[in-house]
Amino acid sequence: MAVVINESKCKGCGLCVPACPFEAITMQGKLAVIDEKCTACNQCISKCPFEAIYVTESEQVEKDLSAYKNIWVFAEQRNGVLMNVAKELIGEGARLASDMGDNTKVYALLIGDQLGTLADECCAYGADGVYKIEDPLLKQYTTDAYTKVATQVMEQFKPEIVLYGATHIGRDLAPRVAARMDTGLTADCTRLDVKIATYKNYTETHTTLDTSSLDVEDKESKLLQTRPAFGGNLMATIVCPNTRPQMATVRPGVMAKRTKDDSKKGELIDVKADIAASDIRTQVLNVVKSAKEMASLTDAEIICSGGRGLGDETGFDLMNKLADKIGGSVGASRAAVDAGWIDHSHQVGQTGTTVRPKIYFACGISGAIQHLAGMQSSDIIVAINKDEEAPIFEVADYCIVGDLFKVVPQIIEEWDNIEQFI
Amino acid sequence: MAMKIIVCVKQVPDTNEIKIDPVRNTLVREGVPSILNHDDSNALEEALKIKDSNPDTHITVLTMGPPQAKELLVECLAKGADEAVLLSDRALGGSDTWATSNALSAGVRKLGDFDIIFAGRQAIDGDTAQVGPQMAEKLDIPQVTYVTDFDIADDKKSVTVKRALEDGYEEIKLQMPCLLTAIKDLNAPRYMSVNGIFKSVNKEITVWNAADLGVTESQVGLDASPTKVFKSFTPAVKGKGIVVVGDTDNELARQLLSDMKHKQII
Amino acid sequence: MNFNLTKEQELVRKLAREFTVNEVAPIAAEIDEQGRFPMETIEKASKIGLMGMPFPEEYGGQNSDYISYIMAIEELSKGCGSTGVIVQTHCALCAWPIFTYGTEEQKQKYLPNLLSGKHIGAFGLTEPNAGSDAAGLQTKAVDMGDHWLLNGSKIFISNAAVADTFVIMAMTDKSKGTRGITAFIVEKGMEGFSVPKKESKMGICGSVTSELLFENVKLPKENMLGQLGKGFKIAMSSLDVGRLGIAAQALGIAQGAFDETVEYLKSRKQFGRQLYKFQGLSFEMADMKTRIDAARLLLYRAADLRQKGLPSTTEAAQAKLFCSETAMHVTTKAVQFHGGYGYIKDYPVERMMRDAKITEIYEGTSEVMKMVISGSVFK
Chain A
1 MAVVINESKC KGCGLCVPAC PFEAITMQGK LAVIDEKCTA CNQCISKCPF EAIYVTESEQ
61 VEKDLSAYKN IWVFAEQRNG VLMNVAKELI GEGARLASDM GDNTKVYALL IGDQLGTLAD
121 ECCAYGADGV YKIEDPLLKQ YTTDAYTKVA TQVMEQFKPE IVLYGATHIG RDLAPRVAAR
181 MDTGLTADCT RLDVKIATYK NYTETHTTLD TSSLDVEDKE SKLLQTRPAF GGNLMATIVC
241 PNTRPQMATV RPGVMAKRTK DDSKKGELID VKADIAASDI RTQVLNVVKS AKEMASLTDA
301 EIICSGGRGL GDETGFDLMN KLADKIGGSV GASRAAVDAG WIDHSHQVGQ TGTTVRPKIY
361 FACGISGAIQ HLAGMQSSDI IVAINKDEEA PIFEVADYCI VGDLFKVVPQ IIEEWDNIEQ
421 FI
Chain B
1 MAMKIIVCVK QVPDTNEIKI DPVRNTLVRE GVPSILNHDD SNALEEALKI KDSNPDTHIT
61 VLTMGPPQAK ELLVECLAKG ADEAVLLSDR ALGGSDTWAT SNALSAGVRK LGDFDIIFAG
121 RQAIDGDTAQ VGPQMAEKLD IPQVTYVTDF DIADDKKSVT VKRALEDGYE EIKLQMPCLL
181 TAIKDLNAPR YMSVNGIFKS VNKEITVWNA ADLGVTESQV GLDASPTKVF KSFTPAVKGK
241 GIVVVGDTDN ELARQLLSDM KHKQII
Chain C
1 MNFNLTKEQE LVRKLAREFT VNEVAPIAAE IDEQGRFPME TIEKASKIGL MGMPFPEEYG
61 GQNSDYISYI MAIEELSKGC GSTGVIVQTH CALCAWPIFT YGTEEQKQKY LPNLLSGKHI
121 GAFGLTEPNA GSDAAGLQTK AVDMGDHWLL NGSKIFISNA AVADTFVIMA MTDKSKGTRG
181 ITAFIVEKGM EGFSVPKKES KMGICGSVTS ELLFENVKLP KENMLGQLGK GFKIAMSSLD
241 VGRLGIAAQA LGIAQGAFDE TVEYLKSRKQ FGRQLYKFQG LSFEMADMKT RIDAARLLLY
301 RAADLRQKGL PSTTEAAQAK LFCSETAMHV TTKAVQFHGG YGYIKDYPVE RMMRDAKITE
361 IYEGTSEVMK MVISGSVFK
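Chains as they are written, first to last, in my numbering: chain A, 1 to 422; chain B, 1 to 266; chain C, 1 to 379.
Because the hints were derived from the structure by calculation, they are not lab data. Wrong hints could be hidden among the right ones.
Stated by the list, open to error - Short derived list, chain C residues pointing at chain B, Cβ under 10 angstroms: (1) 4; (2) 8; (3) 15; (4) 19; (5) 44; (6) 52; (7) 69.
Claimed, not checked - Residues on chain C that point at chain B, a partial pick, calculated with CB under 7 angstroms: (8) 5; (9) 11; (10) 12; (11) 13; (12) 49; (13) 53; (14) 62; (15) 63; (16) 64.
Just so it is clear, CB atoms sit at the ideal spot from N, CA and C, and this is done for glycine as well.
Make the full structure from the sequences, and use the hints.
Written out as structure tokens, the structure is:
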């Protein structure tokens, strides 16, 4: 398979060159040339006004993959507690299984020791069954032990799809398993589809993708794994056409978990762990929990920033509460710092720190140019201000004209209910 | 015994500077500088710190990429690495992480014995964090990812590292040879030195192609890669701000949060 | 005529730029406000070799060519004019004369510490009654047989408050005029040598400027630098090198102010559009860009001549003259184009304008530069 220029159609307009995120296209005379940096991301194809770029399909021998069936979810547990992402993925797995039809089931893969009722919990969240592997050597996660038993059980039972949470553990385990099984793995997915129809629906309404070439009649249900690349500037949908299982790590907090239904039961398959101490080459000496320190402003993913509208220094109590709740750091405008309400180290702006967090909450901040200079590159700006003419609203993605002392407490209160939204 | 360390690095576009062309819905790569991937600079720095205390340590910097990746290797040499190797070949182009780890592992095997491979946890263009662990698998060596602290035992046979978890860390001991992936917290990367620059610009960089590595077309390259790009697109461009409406403050909060959840912002 | 940079030069520029963005620029406003010498930055700069660039490795230098060196000064000055002149004074006016005129013993004694940044260097020529007319200096060194006795004072000396090694010009034979001036190496802590009074300046406040006072300072005989009576020549030739560095400092200040203004004109909106959309402003920016590029080419050419060992006095004077005038012009416009915000210390351009002024004055005023240049035209 390769992305190829049809030389007779290429008019040398050069529009494909800047379209390539990998700088793989150059103009040689009046002809576009694609070099080895090409990853077949296909960005250039739709950009060519002369339809001179196309993909050649490789002559791959179609393997018989029919023996692979069902969706498995690595039900990550730590210290006998099922991770939230595992519950989310079971829910997502069930949704995908139903879309796939053909009696596809979703199973949880539970690895550990003395797992008690976790298997039942997996079923309560939607698993049709659980493959459980218990052994004292599996009590603490180690790459070697978990890779060995996971690979063995997958080779034995042949799941078609395996999903892992993109946690520190998931992102340690999944690539090792994928490499051992010589199959494909996609990282940090934010969306999964098994039907072109649902994929087309999503991309048409939420993205800039040209969906005209998508064939909704295509009955083949391979897993379409959508995930961010280039720091989120590019979204890629990945497929794993010729190897099985198709594996993906999925970003926590994105998929919807089902409501727990304790009455739901499933098949329990106990698998013996074929593992010895000599298989494990790392030794965990110590596990330490640390209190989450507030990230520095430049590192923070979320910043809760307060300005003159806070009224006095007690206003920052509210900012601290919000920051604690949503895992953010506290920032301030110059007005608040000059008034002595908070230390200069929190100042965002021309004479403070320049920040570019994922989310910037600007509470009671008017949006003077010196402040904007320090935060306008934030991904998402939420502005809460009493004054609807405040300049901050010109750069905000979410504009709330209101009393921050009333709205922010509500945000804090509703934050825990986010799961229910949608 | 002098230690031999291999550091895997990647030249990436500075994705912080990349913007999206709202009219053409493409990435604007032009003018975006190529840099040493951040996590990889932490990996290199840890190796250099070992060399600071043990001057006979030999550091080889290894990368897979197009010919211009040589610039990156020169910078690594200017920081203090001893040797640089570039894996470059049309046949390697378009490799996914599985194929890349095949190529890099072949490069490592060709380099001979080693004690530690340092790699960055993930590259800021691919964002997969998969190549390190997959290399460790192909080389059949133990791995620890998300390393935030590193120490070598006096007998130079084992290392003790701190591995970050979301809510704390684990202290792990393992024998060498091993592969460790570094994150930002591990250290503060050093700059090149002027002297280093003048010494390194003309140093020979070894270049190996697919034949040198002994990898076949079923192991590397676009066709061999088990994962393929189906489609790619830019996320919808940020439009004008939305005015959040609601009759009560509670409604305002709910509207805000549900829209943000819907758009996967939170 | 090759206008391309070598690979080394590109990397040095990259290094200096990164260092400036991360280490120098963030504290520029602070050291300006506090009038504080940025010791922590100089220590970090030393680690990467910025305090000893254009000198051979055998004395602890970095083997750099002159163009790389002035590019580094330029990049540092983009972020902070004070830091640029600190480094350039140290390299060109202290390390360079010792390297060029020193005995092997002197080189071994002083250069390793200077080039590693462990010691900081300064240069003392100017006196209350001897500025452009350096030959009128009154500091005296008397031959006492087994030592020199030094008496007098110097003013406006950069780095003095923190320097360890000083190259000082003193009159040894007034009857011979400029040929009666001799250069000496004075060390911090020598009895009778003090550094009183820190000047309070208009700009480059991070480059601490002080007086030097010599009260019966006993200098060992081996502290004479170069030959007796050759001090004026040593001073003039050092200033020749220094001129390249000052031109680079001015150029960096100009470029820094220009870059800031570009960003401001893109983000500031008035009358419904971004300021750069007004041709009155964008045309002036075009003019400034041209001047800055012209200044850069003049400077690089002068540095290239020096690198090749060819005469470069006139070219260096041209570069210094034009770069400093460009810096003044660009920074003044920068403040203007920032409007009211340009006048406020929140924005860096007012500091850049204050920093730019001195580049037209020190290490040879613009008037002296014109004397040099017209001298070469009408010889």
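How the hints compare with the structure:
The interface hint given for residue 4 (chain C) is broken, as the beta carbon of that residue sits about 14 angstroms from the closest beta carbon of chain B, more than 10 angstroms. Taking 10 angstroms as the C-beta cut-off, the interface hint given for residue 8 (chain C) holds, the closest approach to chain B being about 5 angstroms. Hint status for residue 15 (chain C) relative to chain B: holds, with the closest Cβ pair at about 5 angstroms, below 10 angstroms. Proximity of residue 19 (chain C) to chain B holds as hinted, the smallest CB-CB distance being about 6 angstroms (cut-off 10 angstroms).
At a threshold of 10 angstroms, the smallest CB-CB gap from residue 44 (chain C) to chain B is about 8 angstroms, leaving the interface hint in force. Checking residue 52 (chain C) against chain B: minimum C-beta separation of about 8 angstroms stays under 10 angstroms; hint holds. The beta carbon of residue 69 (chain C) is positioned within 10 angstroms of a beta carbon in chain B (closest approach about 9 angstroms), and the interface hint is therefore held. Annotation: interface hint on residue 5 (chain C) violated; nearest CB of chain B at approximately 12 angstroms, more than 7 angstroms.
This hint holds: residue 11 (chain C) has a C-beta 5 angstroms from the nearest C-beta of chain B, less than the 7 angstroms allowed. For the restraint placing residue 12 (chain C) at the interface with chain B, the shortest Cβ-Cβ distance is roughly 6 angstroms, inside the 7 angstroms limit, so the hint holds. The beta carbon of residue 13 (chain C) is not positioned within 7 angstroms of any beta carbon in chain B (closest approach about 10 angstroms), and the interface hint is therefore violated. Because the smallest distance between the Cβ of residue 49 (chain C) and any Cβ of chain B comes to about 4 angstroms, under 7 angstroms, the interface hint for this residue holds.
With its C-beta approaching chain B no nearer than about 6 angstroms, residue 53 (chain C) sits inside the 7 angstroms limit, and its interface hint holds. Nearest Cβ of chain B to the Cβ of residue 62 (chain C): about 4 angstroms, under the 7 angstroms cut. The hint holds. Evaluation of the residue 63 (chain C) hint against chain B yields a held restraint, the C-beta minimum of about 5 angstroms falling below 7 angstroms. Restraint check, residue 64 (chain C) versus chain B: the minimum CB separation of about 6 angstroms is within 7 angstroms; hint holds.
The structure does not agree with the numbered hints 1, 8 and 11 stated previously, though it agrees with the rest.
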